[in-house]
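Chemist: Below, each chain spelled out in residue letters.
There are 4 protein chains.
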Amino acid sequence: MSAPSDVRTALSAPPMGWNSYDYYNTEVNEAQVLANAAYMAEHLKEYGWEYVVIDIQWYAVGAGSRSREFQYIPFGEVVMDEYSRLLPDPARFPSSAGGQGFRPLADKIHAMGLKFGIHIMRGIPRAAAHEHRRILHTDLTADMLADPANICAWNPDMYGLRANLPEAQLYYDSLFSLYAEWGVDFVKCDDICREDAPSAHREIELIHHAIKACGRPIVLSLSPGPAKISEAAFYAQNANMWRITDDFWDSWPLLKDMFRRCELWQGLSAPGAYPDCDMLPLGVIGGCFGDRQERNSALTPAEQRTMMSLWCIFGAPLMIGAELTKLDPFTLSLLTNRELLELDQKGRKARQLLRTEEEAVWIAQTDEKTYLALFNLCDEERAVHCWTGQAADLGFTPYSGGQIRELWTGAQTSFAAGGLACLIPAHDVRVFVY
Amino acid sequence: MSAPSDVRTALSAPPMGWNSYDYYNTEVNEAQVLANAAYMAEHLKEYGWEYVVIDIQWYAVGAGSRSREFQYIPFGEVVMDEYSRLLPDPARFPSSAGGQGFRPLADKIHAMGLKFGIHIMRGIPRAAAHEHRRILHTDLTADMLADPANICAWNPDMYGLRANLPEAQLYYDSLFSLYAEWGVDFVKCDDICREDAPSAHREIELIHHAIKACGRPIVLSLSPGPAKISEAAFYAQNANMWRITDDFWDSWPLLKDMFRRCELWQGLSAPGAYPDCDMLPLGVIGGCFGDRQERNSALTPAEQRTMMSLWCIFGAPLMIGAELTKLDPFTLSLLTNRELLELDQKGRKARQLLRTEEEAVWIAQTDEKTYLALFNLCDEERAVHCWTGQAADLGFTPYSGGQIRELWTGAQTSFAAGGLACLIPAHDVRVFVY
Amino acid sequence: MSAPSDVRTALSAPPMGWNSYDYYNTEVNEAQVLANAAYMAEHLKEYGWEYVVIDIQWYAVGAGSRSREFQYIPFGEVVMDEYSRLLPDPARFPSSAGGQGFRPLADKIHAMGLKFGIHIMRGIPRAAAHEHRRILHTDLTADMLADPANICAWNPDMYGLRANLPEAQLYYDSLFSLYAEWGVDFVKCDDICREDAPSAHREIELIHHAIKACGRPIVLSLSPGPAKISEAAFYAQNANMWRITDDFWDSWPLLKDMFRRCELWQGLSAPGAYPDCDMLPLGVIGGCFGDRQERNSALTPAEQRTMMSLWCIFGAPLMIGAELTKLDPFTLSLLTNRELLELDQKGRKARQLLRTEEEAVWIAQTDEKTYLALFNLCDEERAVHCWTGQAADLGFTPYSGGQIRELWTGAQTSFAAGGLACLIPAHDVRVFVY
Amino acid sequence: MSAPSDVRTALSAPPMGWNSYDYYNTEVNEAQVLANAAYMAEHLKEYGWEYVVIDIQWYAVGAGSRSREFQYIPFGEVVMDEYSRLLPDPARFPSSAGGQGFRPLADKIHAMGLKFGIHIMRGIPRAAAHEHRRILHTDLTADMLADPANICAWNPDMYGLRANLPEAQLYYDSLFSLYAEWGVDFVKCDDICREDAPSAHREIELIHHAIKACGRPIVLSLSPGPAKISEAAFYAQNANMWRITDDFWDSWPLLKDMFRRCELWQGLSAPGAYPDCDMLPLGVIGGCFGDRQERNSALTPAEQRTMMSLWCIFGAPLMIGAELTKLDPFTLSLLTNRELLELDQKGRKARQLLRTEEEAVWIAQTDEKTYLALFNLCDEERAVHCWTGQAADLGFTPYSGGQIRELWTGAQTSFAAGGLACLIPAHDVRVFVY
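Protein chains in written order, with this note's numbering: chain A, 1 to 434; chain B, 1 to 434; chain C, 1 to 434; chain D, 1 to 434.
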């Protein structure tokens with residue numbers, strides 16, 4: 001009997017949480033993680049937010065200290081155990097001292113009723129290879145497992161593996177075994193699914209098997225994207241989410257471009273397996289990196305509504321980029337809109353009905369409701385139209401007359417014969433629920 | 001109010017029919033078409049088969065007469081009207097004489113309770129451009145509308161259009177107006193959706209609009225493929241079917257490769273809009289082309305079952321390539337398997353559960369039944385496995401115990417705890433229905 | 001005994017002449033050609049200028065009449081003989097009436113002591129293919145020889161040939177036999193050597209053999225370029241000149257870029273075989289094309305000196321683009337600088353000694369003199385340096401002391417120990433002769 | 001005054017010598033080098049052979065010890081000084097002990113009247129970067145100079161440099177200063193000029209400047225090739241030789257292919273700057289690598305004559321691949337053919353007159369003689385022809401009648417009117433001298 005493809009054992013809906021990168025870049029520390037977790041537990045958890053994810057370079061000593069020159073210090077010191085496994089830097093994560101790893105921090109976060117996630121880079125530390133460190137449960141040392149010609153184009157920390165050696169599986173098993181001991185619930189694995197890089201197909205399989213073997217239902221998130229559309233089915237068999245875009249930031253052209261990407265990936269979700277539009281760069285972000293000061297998201301309120309509406313009707317994972325302790329009321333309102341979050345979590349059959357340079361229309365439904373989102377992609381106010389027969393053709397419950405409500409404005413309206421037209425401000429959205 | 005995207009007005013399920021190409025290449029004539037139609041009306045119509053499609057070069061005088069040198073005679077004589085519109089060659093289609101076009105033939109086919117289809121090439125006849133023929137309802141002549149640098153790589157008959165001129169729409173309107181007068185129900189448009197050719201995006205839109213404007217619900221089929229996966233949504237808005245493969249013939253490597261293509265395109269059907277795996281090269285085919293003799297399909301019975309099962313569970317259009325009057329009992333039995341055809345026509349949510357070099361598993365369901373297909377892609381007998389929890393995860397009705405039947409053998413079996421394992425001969429398939 | 005590769009029988013030095021394109025585009029007529037020829041005979045011939053070349057579309061009826069829409073009218077009327085050979089349009093070339101072709105015009109030009117050239121497009125007229133015209137000395141008609149999938153990307157007049165048919169040679173033989181009868185001395189063949197187009201290797205060989213067979217030493221010039229550096233040796237075996245650039249016009253960026261191209265092609269000349277930098281767009285040019293008015297060359301006097309110095313030290317063919325009857329004294333002085341023209345015609349071993357973004361240095365020599373050219377490629381005045389030992393290393397006659405003269409200014413100077421430094425205005429050049 | 005481009009100060013003719021790679025792969029030791037040098041001094045020096053070159057990984061501890069798995073051991077131990085400069089492994093090069101580097105070995109080789117060369121990889125040792133070793137005369141450590149994303153595709157020893165940092169020049173200066181102290185006469189720099197790799201343009205310039213600065217006229221040889229034809233002029237300004245091929249071995253298809261490469265690069269030599277056809281794999285080679293046994297060159301005697309004739313008429317560097325102490329009389333005769341070696345060393349104006357799939361003809365001349373080489377590239381005996389007028393056209397001294405001698409057979413012949421025809425065995429060559 002073939003074993004189940006168990007990416008679904010870890011997830012039943014798109015994950016919702018917070019990720020440290022958009023504010024802290026490579027530099028977040030334990031106190032900052034806990035402060036964000038505490039905020040989440042108090043203010044957001046009841047709406048479904050639960051993952052607290054530490055992004056890249058938690059193992060790097062002095063990460064960010066040369067940020068005017070480098071995002072990632074080349075050949076910088078990293079903290080490792082004797083088995084070539086990266087450990088949190090105790091200077092930034094004091095509770096990890098004494099070889100405890102992320103266990104104490106994970107415990108605290110679990111105690112808040114939340115889940116704990118970390119970022120990793122595909123491969124094995126370059127330092128481990130050059131130091132010939134051991135690999136757990138093997139006779140090999142890291143220099144024998146690392147592929148010296150397989151590197152990441154933008155981060156200097158790792159070598160890819162000689163992925164066809166049996167020990168490659170044992171190495172990943174040793175990693176996820178450790179992460180399971182720590183209590184990790186979510187792993188974002190980077191440098192592994194970009195369409196213009198050589199395929200890391202085999203490494204994805206190794207990691208997927210390592211998660212199955214570790215005994216803990218760890219969510220697997222692949223980055224950086226844009227992922228390869230031709231591998232859509234493969235991702236869904238082996239991972240819980242995969243980025244369909246390069247890093248997304250607070251810029252209208254990037255947001256408008258996401259409509260193209262969602263069109264391409266529609267219909268390719270599966271239970272527990274979701275195309276990923278990247279973090280939500282709203283609230284206060286950009287707090288670390290070189291001389292940069294933190295900033296308020298450059299997306300206008302209309303654009304933030306558009307972003308939230310698209311991510312939710314598409315059924316994307318939701319990961320907040322903002323520093324949570326600095327959330328303003330408007331941003332908080334976006335993140336606690338129950339009706340919208342319900343669409344993200346329980347929506348099915350999301351379909352784009354129309355996309356042009358000027359407008360887009362999407363539809364999805366939960367067990368109870370149908371959501372119809374009309375987006376104005378123009379720089380001026382515009383009447384966006386939708387023909388309701390189309391939705392019925394696609395198997396959505398036909399509009400049966402009567403009042404329908406707009407989610408953002410609360411306005412009540414009804415469909416005219418055959419359709420709906422709605423005047424929408426520039427870059428804004430209207431989501432009709434019926 | 002934006003006009004409906006009406007590709008669905010012409011179709012409610014994947015079209016089923018016969019196409020002249022696999023047997024007759026460029027050379028079919030009226031009597032042969034009628035003989036196949038008569039066979040279909042008598043033997044196949046009750047099973048849902050209804051389209052009778054005349055493939056390429058019905059307008060070409062002497063088509064096939066130099067088949068040892070050329071499939072398509074360069075700069076050969078074509079039959080046209082004064083408005084640069086190709087007409088059937090009366091030598092092969094006598095009823096078209098006197099400017100009646102395909103109307104008399106379509107009438108006869110309609111009288112049998114069937115539907116009538118033709119093939120066209122994108123663009124305008126080269127001969128029309130060089131002769132400066134008129135374009136209906138415009139002041140232009142064909143030389144002003146043809147783009148001399150836009151040609152087909154493999155057929156010499158046409159130029160592409162200067163598609164941004166307003167008259168380009170009027171030209172296609174004039175074609176489909178004529179086809180509507182003739183009573184055409186189905187148009188297979190070629191040289192229009194191949195991934196390694198420049199996009200014919202604009203010409204697809206022109207043709208889609210021409211069909212809307214002509215007042216007859218003509219099915220639009222795009223060829224040759226492989227179509228561009230990045231334009232999946234666009235095809236579904238503008239056409240009823242689009243080829244996901246180059247020409248498919250009776251070869252196991254091509255058939256095995258179709259599993260890769262179906263994986264890629266799964267989930268991208270919509271009502272009235274279907275990815276197309278090309279004609280079914282079974283029965284007696286290859287009757288015309290140079291010195292070649294007609295042949296029996298080179299696919300073994302097992303491979304033919306595999307082909308029929310894949311096309312039907314994927315929900316592909318079904319177009320028979322065989323000369324119908326020469327159908328043998330085995331082939332006929334494949335084409336009249338009611339339970340399998342019902343899967344093709346009424347199946348929903350088709351999903352691949354697994355694909356390796358050795359095996360593939362697909363699932364789909366109709367309102368009444370679930371179909372689970374296990375394919376052995378190996379050259380030896382093999383036990384193929386399936387874990388039934390996976391299907392339930394995807395929202396399929398869970399197996400509730402009891403007997404299930406295998407479609408091809410009639411065998412009764414039941415799932416073991418959690419799954420099913422089945423010994424399958426090389427290149428064969430088992431389809432479980434429950 | 002293998003036949004000689006006789007590209008050298010037609011030429012002993014880079015050809016010098018006038019080409020109609022830069023001023024007349026597709027529209028030159030007989031009177032205009034004769035006026036330019038008369039000017040050349042009177043004012044330029046004594047300096048070595050001798051070719052008078054009619055560029056593209058002398059066979060096209062109404063060429064230029066729709067120049068606001070098209071440079072080349074698609075599917076326009078062309079003048080042909082019964083053997084698919086293009087003839088001059090008698091409306092523009094009255095002396096060609098009665099089937100005399102270019103013979104009368106060539107006679108007049110020869111009577112002035114000059115040579116006569118024409119432009120052709122690779123291939124066979126599309127009109128001939130569609131009309132099934134005959135091919136001389138064969139049983140084929142043009143439709144059987146034309147390759148319908150082999151076209152030019154920018155001109156609609158021709159099809160490429162099925163170049164492997166024996167009749168393809170006979171067709172080109174028939175063309176060059178006619179050109180020999182007319183008294184053609186120079187053929188510029190277009191659409192035949194561009195690096196981003198499929199190789200027209202075989203057609204170049206056919207044309208080369210046709211020239212050998214025709215009995216007249218016709219110069220063969222290949223266009224449009226940039227030619228393929230990997231076919232350098234092939235060009236030199238089969239043609240007299242080949243363009244190393246796309247069309248060159250009067251723009252400093254294009255001129256600066258020519259230094260890169262000359263660097264690439266240095267050392268690849270052979271007697272009678274020359275890399276070609278395209279026409280000299282100086283004087284009054286641009287007299288035809290749509291609404292455009294004629295203009296003075298946009299190159300400054302300094303840039304024109306730079307252009308002339310580079311073409312001549314590189315040993316490039318020299319083809320004047322200006323309308324000769326409108327030559328101003330400065331331009332005339334450039335075209336009659338005997339010492340510079342001698343460098344072009346008799347120079348040997350041209351080598352670039354140095355090239356950076358800011359400067360370039362070239363050296364060449366004739367039997368009597370050494371020429372050292374220092375180019376300032378900057379937008380400001382600059383001191384350009386040259387180390388003379390380098391030239392001696394390359395086998396040039398070492399500087400033996402004493403005065404050396406600068407060609408453009410007439411200044412006398414001498415080398416300092418080991419080298420020379422010279423202050424040069426922006427975009428200008430100094431050529432030292434010793 | 002701009003400094004001279006002094007690649008010529010190190011060389012006046014193509015270098016001739018021996019390289020350890022073809023026999024010893026990565027494993028040569030001091031005794032073996034000295035044995036080959038001693039043979040050269042005794043038997044070959046009088047013919048012009050003088051360079052003794054130690055190829056790749058003289059710094060690698062245990063090089064070759066895992067040759068069944070790896071040619072180059074990943075992350076193996078290397079010998080370095082405190083300034084990140086690789087040193088010879090004292091286990092293989094005992095005289096280098098105590099920090100003396102290659103000085104003692106170079107001294108011995110110089111004492112034999114020979115010259116001494118080494119191989120280096122572009123860049124800085126990975127180990128130095130990971131250990132943060134110092135860089136001489138800078139405040140940087142190797143981690144700050146190494147570019148972690150710039151690696152060699154096939155050798156794991158080095159990182160490329162952040163070549164735009166000023167310290168990158170200082171690093172290369174420190175290397176060549178050390179090599180000058182050692183007495184190195186020749187450096188073969190690898191991973192630096194392959195057409196399908198990113199350009200190492202800047203690193204070539206850095207090395208060229210370092211050689212100028214070191215005060216010793218070190219020959220610079222670039223590898224692995226095929227080099228970029230578009231950078232031909234740049235190579236000639238900055239290096240003494242550059243490989244026009246990937247590694248060349250004893251195989252007829254590779255040898256035949258070299259004719260294509262020589263055609264491409266003809267005319268692009270300069271004094272002291274030579275396109276390089278790679279080592280001569282004749283005699284006994286392949287003595288090290290995994291389980292392989294040494295072998296006699298797989299080239300037949302005819303093919304070896306062809307190889308020697310092509311390299312010499314083309315004017316290529318000559319580097320013997322054979323273990324010299326095992327030279328057989330035939331191979332020795334090839335390496336001591338004074339007349340052929342004179343062609344290599346003193347030949348000028350080498351030109352290919354003809355190349356087809358079946359034959360090639362080259363010509364070159366020294367001050368005294370003209371050499372005309374006819375190659376039979378067929379697998380059967382063939383008459384190869386040559387038209388002598390062609391050579392005269394190219395400026396070669398015309399044949400003035402009388403006897404001419406064939407270099408390999410000693411036969412006397414004379415040209416017939418206009419040319420020469422010669423029956424040549426398969427894969428063989430005839431070189432006529434007059």
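In case anyone wonders, no lab produced these hints; they're calculated from the structure. Do not take every clue at face value.
The list treats identical chains as one, so a pair stands whether inside a single copy or across any two.
What the hints assert, rightly or not - In silico DSS-like pairs for lysine-lysine, Cα to Cα no more than 30 Å straight-line:
1. LYS256 / LYS369
2. LYS326 / LYS212
3. LYS346 / LYS369
4. LYS228 / LYS108
5. LYS369 / LYS349
6. LYS108 / LYS256
7. LYS369 / LYS108
8. LYS228 / LYS349
Chemist: Each hint: holds or not?
Modeler: Each hint, compared with the structure:
Taking identical chains as interchangeable, the C-alpha atoms of LYS256 and LYS369 lie at most 30 Å apart only when both belong to the same chain, with a minimum of 26 Å there against 42 Å between chains. When the C-alpha separation of LYS326 and LYS212 is checked against a cutoff of 30 Å, the pair qualifies neither within a copy, at 38 Å, nor between copies, at 54 Å. Taking the shortest alpha-carbon separations for LYS346 and LYS369, both the intra-copy value of 10 Å and the inter-copy value of 25 Å come in at or below 30 Å. Proximity of LYS228 and LYS108 under a CA criterion of 30 Å is satisfied in neither setting, with 37 Å inside one chain copy and 49 Å between copies.
For the identical chains of this complex, LYS369 and LYS349 are neighbours both inside a copy (12 Å) and across copies (20 Å), given an alpha-carbon limit of 30 Å. Taking the shortest Cα distances, LYS108 and LYS256 never come within 30 Å of each other, neither inside one copy (39 Å) nor across copies (52 Å). Taking the shortest Cα distances, LYS369 and LYS108 never come within 30 Å of each other, neither inside one copy (38 Å) nor across copies (49 Å). In the homo-oligomer, the alpha carbons of LYS228 and LYS349 lie at most 30 Å apart both inside one protomer (22 Å) and across protomers (22 Å), since each shortest distance falls under that limit.
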